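*Asks:* The residues making up each chain are set out below.
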Amino acid sequence: MASLKKIARRSFLVGSAAILGGVAFGTYKYHQPAPNPLEPGKDKAVLNPFVFVDQSGVTLIAPRAEMGQGVRSSWAALIAEELDVDPGQVTVIHGPAAKAYYNSAMMAEALPGRGYNASDFQHSLGQVVGNFSKFLDLQVTGGSSSMKDGFTRMRLAGASARETLKEAAAQRLGVARALLETKDGQILAPGGVTLSYSELAAEAADIEPQEAELRPAAQWKYIGKPVPRIDMPAKVTGTAGFGVDTRIDGMKFAAIKQNPHFGAGMRSFDAAAAKEMAGVDEILDLGDAVAVVGSNTWLAQQAVEAIEVDWEPASYPETTDAIFAEIEAAFDGSANSTLRDDGDVDELPEGAELIEAEYRVPYLAHATMEPMNATALYTGDTLEIWAPNQGPTIVQKSAAALTGLETEAVTVNTTYLGGGFGRRIEVDYCNRAVQIAQKLKGTPVQLTWSREEDMRQDYYRPGAIGRYRAAVMDGKALMVHGKIAAQSTTQEGAGRMLGLPMSGPDKGHVDAAFNQPLAIPNFRVEGYIAKPMIPVGFWRSVAASFNGFFSDSIIDEMAHKAGRDPLEFRLELARAEWAPAAKVLESVRDMSGWSGKTPEGIGRGVALVYSFGTPVAQVIEVADRDGDIAITKAWIAADLGLAVDPQNTEAQLFSGLAYGLSAACFGEITFEGGAVEQENFPDYDAMRMPSMPAVEVAVLQNQKHMGGAGEPGTPPAAPALANALFDLTGTRARELPLSKRFNFA
Amino acid sequence: MSKTLRINGKTHEVDLPDDVPLLWVLRDEIGLTGTKFGCGVAACGACTVQVDGEAIRSCQLSLGDVEGEVTTIEGLGTPDNMAKIQEAWVAHQVAQCGYCQSGQIMQAASLLAENPAPSDAEIDEAMQGNLCRCGTYPRIRAAIHSAAKMMQEA
Numbered sequence: 001m002a003s004l005k006k007i008a009r010r011s012f013l014v015g016s017a018a019i020l021g022g023v024a025f026g027t028y029k030y031h032q033p034a035p036n037p038l039e040p041g042k043d044k045a046v047l048n049p050f051v052f053v054d055q056s057g058v059t060l061i062a063p064r065a066e067m068g069q070g071v072r073s074s075w076a077a078l079i080a081e082e083l084d085v086d087p088g089q090v091t092v093i094h095g096p097a098a099k100a101y102y103n104s105a106m107m108a109e110a111l112p113g114r115g116y117n118a119s120d121f122q123h124s125l126g127q128v129v130g131n132f133s134k135f136l137d138l139q140v141t142g143g144s145s146s147m148k149d150g151f152t153r154m155r156l157a158g159a160s161a162r163e164t165l166k167e168a169a170a171q172r173l174g175v176a177r178a179l180l181e182t183k184d185g186q187i188l189a190p191g192g193v194t195l196s197y198s199e200l201a202a203e204a205a206d207i208e209p210q211e212a213e214l215r216p217a218a219q220w221k222y223i224g225k226p227v228p229r230i231d232m233p234a235k236v237t238g239t240a241g242f243g244v245d246t247r248i249d250g251m252k253f254a255a256i257k258q259n260p261h262f263g264a265g266m267r268s269f270d271a272a273a274a275k276e277m278a279g280v281d282e283i284l285d286l287g288d289a290v291a292v293v294g295s296n297t298w299l300a301q302q303a304v305e306a307i308e309v310d311w312e313p314a315s316y317p318e319t320t321d322a323i324f325a326e327i328e329a330a331f332d333g334s335a336n337s338t339l340r341d342d343g344d345v346d347e348l349p350e351g352a353e354l355i356e357a358e359y360r361v362p363y364l365a366h367a368t369m370e371p372m373n374a375t376a377l378y379t380g381d382t383l384e385i386w387a388p389n390q391g392p393t394i395v396q397k398s399a400a401a402l403t404g405l406e407t408e409a410v411t412v413n414t415t416y417l418g419g420g421f422g423r424r425i426e427v428d429y430c431n432r433a434v435q436i437a438q439k440l441k442g443t444p445v446q447l448t449w450s451r452e453e454d455m456r457q458d459y460y461r462p463g464a465i466g467r468y469r470a471a472v473m474d475g476k477a478l479m480v481h482g483k484i485a486a487q488s489t490t491q492e493g494a495g496r497m498l499g500l501p502m503s504g505p506d507k508g509h510v511d512a513a514f515n516q517p518l519a520i521p522n523f524r525v526e527g528y529i530a531k532p533m534i535p536v537g538f539w540r541s542v543a544a545s546f547n548g549f550f551s552d553s554i555i556d557e558m559a560h561k562a563g564r565d566p567l568e569f570r571l572e573l574a575r576a577e578w579a580p581a582a583k584v585l586e587s588v589r590d591m592s593g594w595s596g597k598t599p600e601g602i603g604r605g606v607a608l609v610y611s612f613g614t615p616v617a618q619v620i621e622v623a624d625r626d627g628d629i630a631i632t633k634a635w636i637a638a639d640l641g642l643a644v645d646p647q648n649t650e651a652q653l654f655s656g657l658a659y660g661l662s663a664a665c666f667g668e669i670t671f672e673g674g675a676v677e678q679e680n681f682p683d684y685d686a687m688r689m690p691s692m693p694a695v696e697v698a699v700l701q702n703q704k705h706m707g708g709a710g711e712p713g714t715p716p717a718a719p720a721l722a723n724a725l726f727d728l729t730g731t732r733a734r735e736l737p738l739s740k741r742f743n744f745a
Numbered sequence: 001m002s003k004t005l006r007i008n009g010k011t012h013e014v015d016l017p018d019d020v021p022l023l024w025v026l027r028d029e030i031g032l033t034g035t036k037f038g039c040g041v042a043a044c045g046a047c048t049v050q051v052d053g054e055a056i057r058s059c060q061l062s063l064g065d066v067e068g069e070v071t072t073i074e075g076l077g078t079p080d081n082m083a084k085i086q087e088a089w090v091a092h093q094v095a096q097c098g099y100c101q102s103g104q105i106m107q108a109a110s111l112l113a114e115n116p117a118p119s120d121a122e123i124d125e126a127m128q129g130n131l132c133r134c135g136t137y138p139r140i141r142a143a144i145h146s147a148a149k150m151m152q153e154a
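Chains A and B, in that order, give the protein sequences. Note that this note's numbering has the first sequence beginning at 1, numbered continuously upward. Note that this note's numbering has the second sequence beginning at 1, numbered continuously upward.
What the hints contain is simulated information worked out from the structure, not anything from laboratory work. These numbers were taken from a predicted model, which means no experiment stands behind them. One thing to keep in mind: the hints can contain errors.
[As the list claims (entries may be wrong)] If you only want the chain B side, here are some residues facing chain A, beta carbon under 8 Å, derived:
#1 G68
#2 C100
#3 I123
We treat Cβ as the ideally placed atom computed from N, Cα and C, and that holds for glycine.
With the rest of the complex left out, here is chain B (with noise of 0.2 Å):
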């Protein structure tokens, strides 16, 4: 039951049953926590991670279901260097208990990557999966339209 991901531009080999969803794979197994479990049935988005640039649920792709190159939060920018997204992020003061963070960034990092001007509209289509009990959200809606910016300026 062994199997190879490719998960941030890294290789790992992991040996475990294949029904474990990747999330499990990725906190448990190989140590990347950025990525949170908040319900386990798609329903609150803090698992979301890119698969080939698509935002997934990673609490409903079974290990042995993934193709493709995994993104999570720690291959989008590290602290001493930020991606755009996360950039905009701090500029607006989003995150208060940050929990469900890192599932937004990456939702709205391939939100962003598809539709580089997204109006409200389309990020309250996007967005919509991803849920904060803080209702960060008027924070989020900014950042995205500056990260927007700052990613057309660059």
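So here's chain A without its partners, still in its complex pose (with noise of 0.2 Å):
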């Protein structure tokens, strides 16, 4: 097997340039390829760790989390189109966590640079790179990256996989390799002769991985073509095995009440009702928090409840008055960071009209669908977890700290996830699994969160508060100053994640403010980080869904002050920056048939954010309903450079728009006493059937780079219906969520 690691190193360094745009990584220590994780069994040839060829046909891995993004699909159409097998024809696992599965998009992400113009990347390139070095490490699903980081290693995989099949063909027939074709699976040679890659799978084993050039875009069969996803049979049949799905022999449930003061102890507790409820098997003193085990979860949830807990209070502030009085001192402190410092802010021609705005938006929850859960069996020597999960590679890591077992004692398995969003790339509720399983060594568990634990228990999307200046003079954008003041995501999140202090100028923290394509002579744009309170985490697009509200609100609201028609303001300014921002908003203009004039009791409002490598456009239509609001369309164009599954995008892009929606219009996480308030759907609402628009999706690759595409569509929905609604009554929101100030029909 020796033989795989050349591949190995080699699809990563040829991937990396890809992704990276020719930066010099090629010097880290990541040269050395990761370990393999795959043993191949009896039988089975390992062409390398994404392919799997054994007598029962071909497995592809798709080491990322299937969170409903379709990357199950995708991921295995790049492998496929190489590889010459039908996608819809072959298995499709997530396999085991493994290095070899680490996430390079991401940390390209991390990278200083505005993002749409590569030329930016060579600026300060030591600043960032020490600490995001480490992201080689993660097997990570997030950051609208799977499509970027696989987009070459995997055609490369398919590739050396295909070429090293048919170099097995050609030895066994004792024809050259050149004479040979493949097509769904199999190898077609001269005179009608065929052989399947199942039966050449052992053959394969012992020669050395061949290399092959990849494919124009012209022959591609998958790529760029609507393909049905993998998973879709068994998610509409009921099928789909989610976390809370697993099932194991001997398996218990439990139940879980944590400390709703969060990082604070537990005092003592009074478990004496508790004990005598039916169907509970034990009850467990987990230090800060306590569990019930059972037989049946709702048995459990209810005997969870009777438990009388005397919590120690919360370090923080107690109430969003004072977090976000907080937030606000953050502002008299020094800058974190000044990503963008074009011209001068400070002197103002005469004749400048001047705008000054302060945006504020609250603390957010991820409420994934299926909340959080996860299964364990520790048997003192091993640990073998289920978990909906968005990085393996930490829950692996996290456990084995837990229980003092080697890394390589811990098994992870990865179901489909019931929602990401995010939340699922901390490992707070495995490790809460884990910490019942060593108590019950030897019994499976599978703990499963109520809906109120979900929502008092997470890592929330940071409230945050913009201080912007703008002007304009003679109908033109003049001048933006952006100060942007939240908790950090990216220090709290991501040393969490690492395990290392993060320090150094926080891109993350203002991305979509300092990074837009506009083209506006003095553009500044300062972050300040409020210190650590409540536990605050990656959320649909992080800072860019409030980032992207502030600085589009901003541009509005100069667009009005000038007299322009916004989206002729926002045009001029892209077209004079980035071309491919400015047709996306050309795209929805088109669409939409903007005309910058609607009928009586109707408002329109656009957008225009740049996040994750995608400039996102979007109009969106209102209607007063008797002094109710409704959202009755929305117009999105996206440019995603190359979008791998179009229909695939065009579900990613309108979801993204109904999650930011969702927040723009109900989302709000209030505190009082330390603890959150809402606890479930009826407080903490979302898009439903009535109230989503009707959406027309436009998928646009007029630029050089490959876009996300799970994340870019959230940032603008704010501003695009705080701009219609701007329009529609004369009122300008600038606090969400707008359901404060709008009633919604």
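Hints are included, so try docking the two chains, each in its own frame, into the full complex.
*Replies:* Take a look at the structure:
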């Protein structure tokens, strides 16, 4: 198997070069290939860690979490494109937790630079790379990065697998490899001879892996075309296995109660009543939480509710107002970053019209449909975990640390995820299941959080404040000066993930603020970091989810101040900076028939936000329904450079819109006594069938880089809606959720 | 506390307290995991099943109160033998994470049984209790219209 390493090293180098636009990452110690995680069984030839061929057929490894974005299908299509197998005819599995499945594109996103201008990658490279190189260890699904990460590496994996199988056939048949062709998992030899990949598997294992050129786009059969999702039949018949669907012989069910004051301890608890309740086997003291194990999740939930706990109090400000006062206080300190500083924002010429605005957004929960859960079996020597997670190597490492086992003794099985949105990149829910399993040596146990526990024990999207000064003159944008304050998801979340303190200018914190593709001559963006208070984490589109609202809202205010059509105003700024951003605006203008005028009772708003490598424009139309607001239509245009599956990309984009609208209209997590006040969907609602607008999506492919799909649809939703409401009502909403000012039908 | 249930055409004897919701009887006792837990308070519809054809939230129906034939997503069709509505869901590539879709489909199947050609407003009315955090609503709506056509033509 020594020959495998060559492929692993080669594909890493080529892959990262393509992804990073040619920056010099070739000097990292990660040149060394990671251990191959797959131990082939008898008669199995492991061609490389992404392709399995054995007697039963071809299995592709898509080591990214399937949380709704269709990655299992799209990832498989990348391999299948070169391997010549029908993605619908092969098995696609997630595979084990392993370093070999690292995510390089997520690290690329952490590099300095605005992103849309590739040459900016050259700037001050050393500044941030040191910390983030550790991401190379991480097998993570997030940051809208999977296709960017896998695009070259997976096609190379497929191509080398194909050529190696061909070489095996050539040797067996005694013909030159060049005379062989491949189709649908078969080798076609002259004279009508066919050999299946399966029957060549054992021979291929003994052959040095072969190299191959990648096929040109014109030959692609799957990439760029709609491929039916592999998971669809299972998901419409109730047979897809989510985390909560894990069933192991002898498994027990558990429920948990954790301190609503984050990070605080437990003084004591009284479980006298719970002990007597039906279905209860064990009451477990987890030190800072209490759990009930029994024969049924609901019975365990009832019992855990009956436990009286004396919790230690919170060590951070206890109310929403006090927490926001701390966020405001961050403005009094020095800026953590000034990643855009063009021209002069301080001196304004005679005749400039100034706008000052403060925007605020609340903390938000992820509220995945599948509540947090994990199943674990601890034997004393080994630990097996079944979990819907976005980072199996983090789960593995964390569980090993918790139990004192070697990493190799911990097996992580990644199930389907009932929504991720960044929540499942954390490992707290896995660790809780592991803690319980440790106390039930030899018995598998499934821990499912109640919805209330899920909502009150999140890693929240941070609340944030954006303070903007802006100026227009003679109908043109003259100046934008934005200051953004919030807890830092990057510092707190990535620090937690990597186990390292994070420092330096935090690019993630000001994403979608400093790097907007708008030619504004005087343009400065400063990031301010509030002290850690509430646990904050990665929420679909991360800081772009609030910065998009700030930075596009101020543009809309400028357009109105300048007396300009808001779409034309943006278009002028985008054209002068980056053509692909202008094209998405033109696309929504044309799709929506934008005229700058709307009939009585109808309002329209436009927004443009660039994030995760993708410029997205949205137009939203609202209607006055007897004083209530109906969101009737939405048009979305996004430029991904190359969309691996346009039908799936369309789904990701309107999904991002829905997630953004849910937060814009209704989403708010508030605090009282140090605890989250919201408990369940009745007080943390989302878009539903009647409130969801009709959508039209255009997927453009003008830019030269591949952009993300899962996240960039979210940031423009809130500003597009707020701008539409301004158009309809003349009321400028600078605070979310909009339900504070408007009634939605 | 033994109780006999009829689920997807089969008989099940279960021995659990009367107040255990049907959802948790299905999932943790009988092993029919297609029906999902989302909120426990009838606010998301993930646990929707049919009792004598009527869509109900199984998290709110106690075992002791179950009367009639229960149909879950597993009883509607299988990957190899899908119901028309499930075929429509595949044709429109509706599911994203897929967690809510069992409930969405059971709710929609109940709507179509009652109203073979629902309007958009009628779809809004029937489906408003079924939450989808991925926001698949546009494709759910399209799939319901397609399923209505397929069922009328059949």
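*Asks:* Take the hints in turn and mark each one as holding or not.
*Replies:* Evaluated hints:
1. G68: Result: violated, 20 Å to nearest chain A Cβ.
2. C100: The hint holds - B:C100 has a Cβ within 8 Å of chain A, the shortest such distance being about 5 Å.
3. I123: Holds - the Cβ of B:I123 comes within 8 Å of chain A, reaching about 7 Å at its closest.
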